[in-house]
Amino acid sequence: MRILVIEDDSETREYLNRGLSEAGHVVDTADNGNSGLSLACDPKYDVMVIDRMLPGCDGLAVIQAVRDAGLSTPVLILSALGEVNDRVTGLQQGGDDYLVKPFAFSELLARLDALVRRTDIESTATRLVVSDLEMDLLAREVTRAGQHIELQPREFHLLEYLMRHQGHVVTRTMLLEQVWDYNFDPQTNVIDVHVSRLRRKIDRGFDAPLIQTVRGAGYVLRASEEITS
Amino acid sequence: MCFVHLKKLLRSSPFRLAVAYASLFAGSALLLLSFVYWSTAGYLLRQADETIEAEIAGLAERYRTGGLVGLTRLIERRLARQQPTGSSLYLVADAAYRPRVGNLSAWPQVEADSDGWLNFRLGQPEGQETHWARARQFRLDRGYFLLAGRDMYELDSIRVTVVQTIVWGFALTIVLALVGGVLVGRGRIRRVSVINRAISDVVAGDLTRRIPTDATGDDIEQLTNNLNRMLAELEEQVDAVQRVSDNIAHDLRTPLARLRTRLELLRESEIGLGESRYELAERAVVEADGLLATFNALLRIARIEAGRRRQEFSRVDITRLIHDVAELYGPLLDEAGLRLDTQPESGLTVVGDRDLLFQAVANLIDNVLKHVPSGGSVTVTSRCSPSGVDIVVADNGPGVPVDERIRVLERFYRLDASRTKPGAGLGLSLVAAVAKLHDATLLLSENHPGLQVVLCFGSGFTVEKEA
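Protein chains in written order, with the numbering used here: chain Z, 511 to 739; chain B, 33 to 499.
If a hint is listed, it holds; no wrong ones were tucked in.
Straight-line C-alpha distance at most 25 Å; calculated DMTMM-like pairs for lysine to aspartate or glutamate:
1. LYS468/B to ASP356/B
2. LYS402/B to ASP702/Z
3. LYS468/B to ASP596/Z
4. LYS611/Z to ASP283/B
5. LYS711/Z to ASP366/B
6. LYS611/Z to ASP387/B
7. LYS711/Z to ASP356/B
8. LYS611/Z to GLU314/B
9. LYS611/Z to GLU337/B
10. LYS611/Z to GLU319/B
11. LYS554/Z to ASP568/Z
12. LYS611/Z to ASP321/B
13. LYS611/Z to GLU532/Z
14. LYS468/B to ASP695/Z
15. LYS711/Z to GLU367/B
16. LYS711/Z to GLU359/B
17. LYS554/Z to ASP518/Z
18. LYS611/Z to GLU344/B
19. LYS402/B to ASP695/Z
Examples of chain B residues lying across from chain Z (beta carbon under 10 Å, computed):
20. GLU314
21. VAL317
22. ASN328
23. ALA329
24. LEU360
25. GLY362
26. ASP387
27. ALA394
28. LYS402
Some chain Z residues flagged as far from chain B (calculated, every beta-carbon gap over 10 Å):
29. ALA579
30. LEU618
31. GLN657
32. GLU670
No wet-lab data here; the hints were simulated from the structure.
Every residue gets a Cβ at the ideal spot worked out from N, C-alpha and C, and that includes glycine.
Using the sequences and the hints, build the whole thing.
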């Protein structure tokens, strides 16, 4: 992916530049709002990471200007302000996701992936398929290798989210936000239990596990042959 | 020293008040005595004038009927009848003002006013001091002049008495007021000094210092009591801050030390000792994440306490929220061997922050997970209360001792029994902060056995502990 990073703190900027480059992305950086804006108006970027507080031109103003220019490049806002109202303002101003500093790099990577995927997968799809796992969104039915799997509503929702982001890492925070629709800090591994229950239902008795744990990051759902590749 | 005391006294508010009152009293005394003077002296003067006029009229009548001889005889008779100390004055003089008969040796050397009245000084033959006399002159036929008047020494002495009374009364009022002011002022200054000394001690760092009280029950004692209450509150708060910082130092030192050890091992792993570099780095990251989580939780509590989020309040479906918490935590409780009961009353709502309320209930369940041993149970429910809505989380675990129930809400405060368990001791602090933000009462009580935590919405924020 081609990623634009607008961040005034040189250390964070370098950290993002190196990390994203190592992950195989092409990264351009800007250290202030004005030069960032002139770069951001180029439609070649797949996703942008913009700091909330910038010298010259505020991060939210940059996003506003980009949207006014008719560009729909997904934007992830980085911020040291962890408040819900900041988050809400950020998302209302045209940001697509919001991440509070300090953050784990894996979280950032997973969210950038999800942002780009969001534009890829048709939200109108009625059928999701990963390997021999199939989900019928209309009948709300799940089968694996033709075998019917009984799921609770929340488990269904969780699996749907994983399938929509197949092949991409989703973090626990993303699951809490997207599947449970709550923004909070669990003190315990509350998500893990749900995932392992789901895993038991769809992976038990099959040779190739579909739901895999990514250490220090979260989970990924993918066909097992992709692992070896 | 004495001068300093005097200066202090002069500047003291009771003394200034006394001076102000003294001036007021002196002023009114002056006014009152002036009125007394005017009414007594004036009355006597008017009476003297009336008597003189009556006498003159009588004498003139006599002159008309009895001539000079008759008049002379009448005056002589009157003078003979008069006491030596009598005050009537008579004089008949000829056209050249030479005295013919009467008890004045000469015609007064003053001009009469248009009505014929004259005021003049009367010399005493015995060399006594002179005093005022007042008389009226009357022109008789055939060039004679008649003068009738009164020696005004009585009036004079009354005047003097009244003036003396005024002066003395005035002086006495001022002296008494000043003495009273000094006495009252000194008493007040002493009591205020006691307060000032105590406050200075507190400012100098002795927070245990209290102001001694006297059982007078007056405003100064009320002030003293209030100040003492304020000092007690201050001491409590400072102690709490002290404990929090001690706890922060203690609780963050351990993970920091571990982090340091890992990094050191990582440095030495270069030489190929012990665990792999990846594992060491991984564990250092976990440690750092834990520290960050602690700081984030602290920051979060601070932000909630700042109350900014109130702007984001909306109507939150509590029934739904309890259901969601139960749904999210059900499997985890299940795996921990804890039974979960939930029976939220339907249709309950609260105006608040949905995520924070969820976080609060989640924290309470996290505590249950940490402290209630396997085989226990927890009830998470909501109910309608007289004041609004209650959220109840009750377990049958070890509970919290009565005298610790306020302190467990403090940041980093942990019961001794739970020191070895994971967590930073911030969970309940956050619940308390959320409760305060929502003006809810946070009630920790005995569950026989176990702990019952109730968040009462719509009742105004308080923290209560119940035996």
